[in-house]
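K.L.:
From just these sequences and the hints, can you work out the full model?
For what it's worth, the UniProt record's numbering labels the leading residue of the sequence shown as 1, then goes sequentially.
It cannot be assumed that every hint is accurate.
Dumping the calculated DSSO-like pairs for lysine-lysine here, alpha-carbon to alpha-carbon at most 30 Å [what the hints assert, rightly or not]:
id, residue 1, residue 2
1, K675, K222
2, K319, K831
3, K198, K319
4, K416, K645
5, K902, K217
6, K568, K675
7, K194, K406
8, K416, K850
9, K198, K697
10, K406, K424
11, K284, K233
12, K273, K219
13, K574, K406
14, K675, K708
15, K198, K831
16, K284, K217
17, K284, K222
18, K948, K217
19, K211, K198
20, K948, K284
21, K697, K219
22, K574, K217
23, K217, K850
24, K948, K233
25, K683, K697
26, K319, K406
27, K831, K902
28, K683, K198
29, K211, K194
30, K948, K273
31, K219, K683
32, K284, K211
33, K850, K902
34, K700, K645
No lab work stands behind these hints: they were computed from the structure.
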Amino acid sequence: MFRYRRYRVFVALAVVTIFALYKFGSTGSWRQPTLLPTGEKSAPLEEDSEGTVPPISWMPRPHEVVKETKKLQVEVSGIETSVTLPLETPPPIASVSHPVQKAPPGAPKSAKEQAVSPEAAPSTSISPVGMGHLEDDKKQFKPGNSEVLHEHGEGRHEVPPVPSDAPAIYWEPLPEHFPVPSGSTIQLPSGSPKPIPKIQFDFKEETEEAKTDRLSKLKTIKGAFLHSWAGYKDNAWMKDELSPVSGGFRNPFGGWGATLVDTLDTLWMMGLKPEFEEAVEAVKTIDFTTSPRGDIPMFETTIRYLGGLLAAYDISDQKYPVLLEKAAQLGEVLMGAFDTPNRMPITYYYWRPTFATQPHRASSRVILAEIGSLSVEFTRLAQLTGEPRYYDAIARITNALEVYQKETRLPGMWPKYIDASGCKRPTNANSVEPEEKEVSDATPSLEDDFDENELVPLELPKPVEFIPVGNKKTEKKLPEKEKRQLEAPDATFVDGIVPRTAVEAAQKVQPTIPAVPECEEQGMVTTDEFGTESYTLGGMSDSTYEYLPKEWLLLGGRVDSYRTMYEKSVDVVKEHLLFRPMLPNGADVLFSGSLNVPMLSSYTKSGGIGDLEYENAHLTCFAGGMFALGAKIFNRDEDLEIAKKLTEGCVWSYNATTTGIMPESFYVVGCESQKSCEWNETKWWEQIDPYADNRIKSYKDQMGRYTKQLAEASASYEAAMAAATGAPEAQATGVVKKEVESEVAEVGAEATESPKGAGLEKRQLDPTDEKPSKTEKKSEEEPLLKNPSAKANDNEEMSPSNSSDKATPTLPAFPILYSPRPPQSHEEFVKNRIQEERLPEGITNIQSKKYILRPEAIESVFYLYRITGDAHWREVGWNMYQAIAEHTTTEYGNSAIDDVTKTAPQLTDEMESFWLAETLKYFYLLFAEESAVSLDDWVLNTEAHPFKRGA
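P.N.:
This is how it looks when you write it as structure tokens:
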């Protein structure tokens, strides 16, 4: 029978739960904030003329808006007021002394800009980064939070195409939120260029035999290019990338035809003029003012698109003006990313008017290469257009990097991540002492001035509404509610009722909290004051260092800071990052590792400034070419030898694998000295199996516990047998004990003889189960030791002849114990790992085994050949090409592969644009005539796009 009184608490809880689910579950997505449109007061969100509510999201994807159930009224500084505020010029930051000019006077104005009066300027509050989903410009909204969020973005990020019936959204030129006088724009350096030493080797005329061999290889490389270009043209024309296995395509870079633009100058270099002109006609149809992708990755867009257009314009003798026009169009779009208080760019720029109309600042966590690798392209754009704003934009980044270079934990280099926001949060922002107002002595006390007739009930708070800071709203008088009398004459407050005089007294003593400044100005700083920073020439840092000598070249040596910054950085690299790996046959090569620097040097393993990871990565292979170029133009002869050893290190990395292709990254044993380093197989094995000692120690510990448990189980078993069968049986258990001790001795001997090995498995006897139950059934699993006289059935019936005798007691079973598994020996472990992971001799671990058609190794080989004139580099370059062609060629082009250590790696159906723009270009130039794209006349950006060096 159901008794309600017993379960009434549970019934009430269920009712409350159902009500809560109904009440709060019907409000839509709870993850999103509800913001009222500007100008609204306390009414719920209203639909616009098209019947939709503008979404609120910090990320570039649409979300459903939370339905408002109650009004909330708080002061938020990020919301615009109905009163237009004057445009304020931001104060200059410490590391930047030159402001930036406004948009060009002749720039076209949008309809919105024309509709705004001169007095009505945009607000200067900082809005969060991240709005980029599809929305109509008519549905603009204002973010209501002044906190600056970290940037979110990916260089490669594919988004769904815009539906055909959706209205297109276009970038519009907008007035800057942080403009500065045009007279303070940093101008391109003028005057006579400095004399620059010759870079290329003085090549002699080749023999007919050598020429024939060279032209044969050149033809093969050109054929591979045409094969991939045909696959792109037939299957992915005007798309970003070809899928070379399936014949499909991808659009991870805004859908502007990344492969098309990236390959323009390669077409010209290979003498494919008809194909080049066809591609130029296609470029005319690209509109850089719209994209299905809501954000623009500044780094990738600059080096691929902007660099590709400018290089094609230069390499074709500037005969195709549409290329420069498109570059200028893209440059204007990208300039919006620099409209921040300190002029540092937003590296993932949300270009759509909904976001672009709002003030914002750079991120507090920026990848070094993404902010430090814009100089060459923007400088060349400024040189060709005569517009100094483009140079000003990158010159300010250089100024900030130059100051920060002296202040890092590893002075001379920069960490992978930096805080470029220019905003330092006040340390006392969360601990402001409220200022107490003076309270009059006449303030009535609750005891002295108590009148029960003056009691008023506490009312529920009014719904909260977002209103602008500084907009004072007149408080409405609360409607009178029915008074309720206290039942007792004392001053105890019940049912939420307090005396009116108490409310008035509390209002008089409200503390006032002084305003705290949102930011303190600062230059570039670390992203993590207390964490560990990584310093490297590899990924996320590489092209920042690469661009220092190249920018110096492009400016004709007129700006000394680029040379100074380069020389400081490579001196630190040589001291702290370069190392000689321990390789078979004593190969004398160099790798550039990664240095992890904690907050305090005492936290490092070595006690030095940081801990060096002995790594070699494909992205780091550009360093050989950089050192060689710097050695020639800055007269650093010793650096040329370093360049050779670094490049030889990458050549060794190619030859080490089964496919003849270098993996993305791997680890080796580092030598203490760069001068001598003999091969030591024992040391290599120790690095492959670094935990051998711990493994054997763990095994011995487990054996000790097992022996102890076995002894305890034997004693318990003897006692149980003695109690059940008497002394004779106890003597039998003595035999069992001897058997147990014998087996323990054998296991112990095995443990002593067994060398170090792999991980262990164990199951221990429960220490609380020392006395086995008399009703315990026999286990299905065969125990290690058991009593042969134990009964299989505890309820076995006695025979009729013994029915009058005393019942035979059930004999106990010996507990089941499992001995630890003997580990592998050190030799077995190492050999198994080498076989399973296919580790080449000298490599201790391969972090990433894939190859994505990267160009960095052949890039350095090209530079070393052009600078030294040594034919050795053509030989190793040809071997690299053959290995790549053998394992990556597909029906439609060439594909990345999953594992370079396999004899038959799997194709991943990806062909990034740099395969045609860089990798095949460097292979082609390696075997082309040395006068083609001479290093004495051209500067190649990090995407191998050549820019003409100015006079």
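K.L.:
Run every hint past the structure and note whether it holds.
P.N.:
Hints and how they fare:
1. A C-alpha spacing of about 41 Å is found between K675 and K222, which places the hinted pair above 30 Å, so the restraint is violated.
2. Proposed proximity of K319 and K831 is contradicted: the alpha carbons are some 62 Å apart, above 30 Å.
3. About 28 Å separates the Cα atoms of K198 and K319, which keeps this hinted pair within 30 Å; it holds.
4. Only pairs whose Cα atoms come within 30 Å are accepted, and K416 paired with K645 is accepted, the gap being roughly 25 Å.
5. Distance hint between K902 and K217 is fulfilled; the C-alpha atoms sit about 27 Å from each other, no more than 30 Å.
6. Distance hint between K568 and K675 is fulfilled; the C-alpha atoms sit about 23 Å from each other, no more than 30 Å.
7. As the CA atoms of K194 and K406 are separated by approximately 26 Å, the hinted pair is consistent with the 30 Å bound.
8. Using a Cα cut-off of 30 Å, the hinted pair K416 and K850 holds, with the two alpha carbons roughly 23 Å apart.
9. Restraint check for K198 and K697: not satisfied, since their Cα atoms lie roughly 63 Å apart, outside the 30 Å limit.
10. The suggested pairing of K406 with K424 holds, with an alpha-carbon distance near 19 Å, which does not exceed 30 Å.
11. For the suggested pair K284 and K233, the alpha carbons sit about 16 Å apart, so the restraint of at most 30 Å is met.
12. Straight-line distance between C-alpha atoms of K273 and K219 comes to about 17 Å, which keeps the hinted pair within the 30 Å bound.
13. Only pairs whose Cα atoms come within 30 Å are accepted, and K574 paired with K406 is accepted, the gap being roughly 17 Å.
14. With a C-alpha separation of about 54 Å, the suggested pairing of K675 with K708 is violated against the 30 Å cut-off.
15. Simply put, K198 and K831 have alpha-carbon atoms about 51 Å apart, too far for the 30 Å limit, and the pair is violated.
16. Annotation: proposed proximity of K284 to K217 is violated, straight-line Cα distance about 34 Å (limit 30 Å).
17. At roughly 26 Å between alpha-carbon atoms, K284 and K222 fall within 30 Å of each other, so this suggested pair holds.
18. The hinted pair formed by K948 and K217 meets the criterion: a straight-line CA distance of about 27 Å does not exceed 30 Å.
19. Under the criterion of a C-alpha separation no larger than 30 Å, the hint pairing K211 with K198 is consistent with the structure, at around 25 Å.
20. Among the hinted pairs, K948 with K284 is consistent with the structure: their alpha-carbon atoms are about 23 Å apart, no more than 30 Å.
21. Among the hinted pairs, K697 with K219 is inconsistent with the structure: their alpha-carbon atoms are about 62 Å apart, more than 30 Å.
22. With a C-alpha separation of about 36 Å, the suggested pair K574 and K217 falls outside the 30 Å cut-off, and the hint is violated.
23. For the proposed pair K217 and K850, the alpha carbon gap of about 26 Å is at most 30 Å, so the pair holds.
24. Of the supplied pair hints, the one linking K948 and K233 holds, its CA atoms being roughly 29 Å apart against a limit of 30 Å.
25. In summary, the hint linking K683 to K697 is supported, as the alpha carbons are separated by about 21 Å, within the 30 Å threshold.
26. Note on K319 and K406: the hinted pairing is violated, with a Cα-Cα distance of about 44 Å set against a maximum of 30 Å.
27. A distance of roughly 17 Å separates the Cα atoms of K831 and K902; the hinted pair therefore holds under the 30 Å criterion.
28. For the given pair, K683 sits about 45 Å from K198 by alpha-carbon distance, which is inconsistent with the 30 Å threshold.
29. Restraint check: the Cα-Cα separation between K211 and K194 comes to about 37 Å, which exceeds 30 Å; the hinted pair is violated.
30. Proposed proximity of K948 and K273 is supported: the alpha carbons are some 20 Å apart, at most 30 Å.
31. The suggested pairing of K219 with K683 is violated, with an alpha-carbon distance near 46 Å, which exceeds 30 Å.
32. About 39 Å separates the Cα atoms of K284 and K211, which puts this hinted pair outside 30 Å; it is violated.
33. The hinted pair formed by K850 and K902 meets the criterion: a straight-line CA distance of about 10 Å does not exceed 30 Å.
34. Our distance criterion of 30 Å between C-alpha atoms is broken by K700 and K645, whose separation comes to about 46 Å.
Hints 1, 2, 9, 14, 15, 16, 21, 22, 26, 28, 29, 31, 32, 34 from the earlier list are contradicted by this structure; the remaining hints agree with it.
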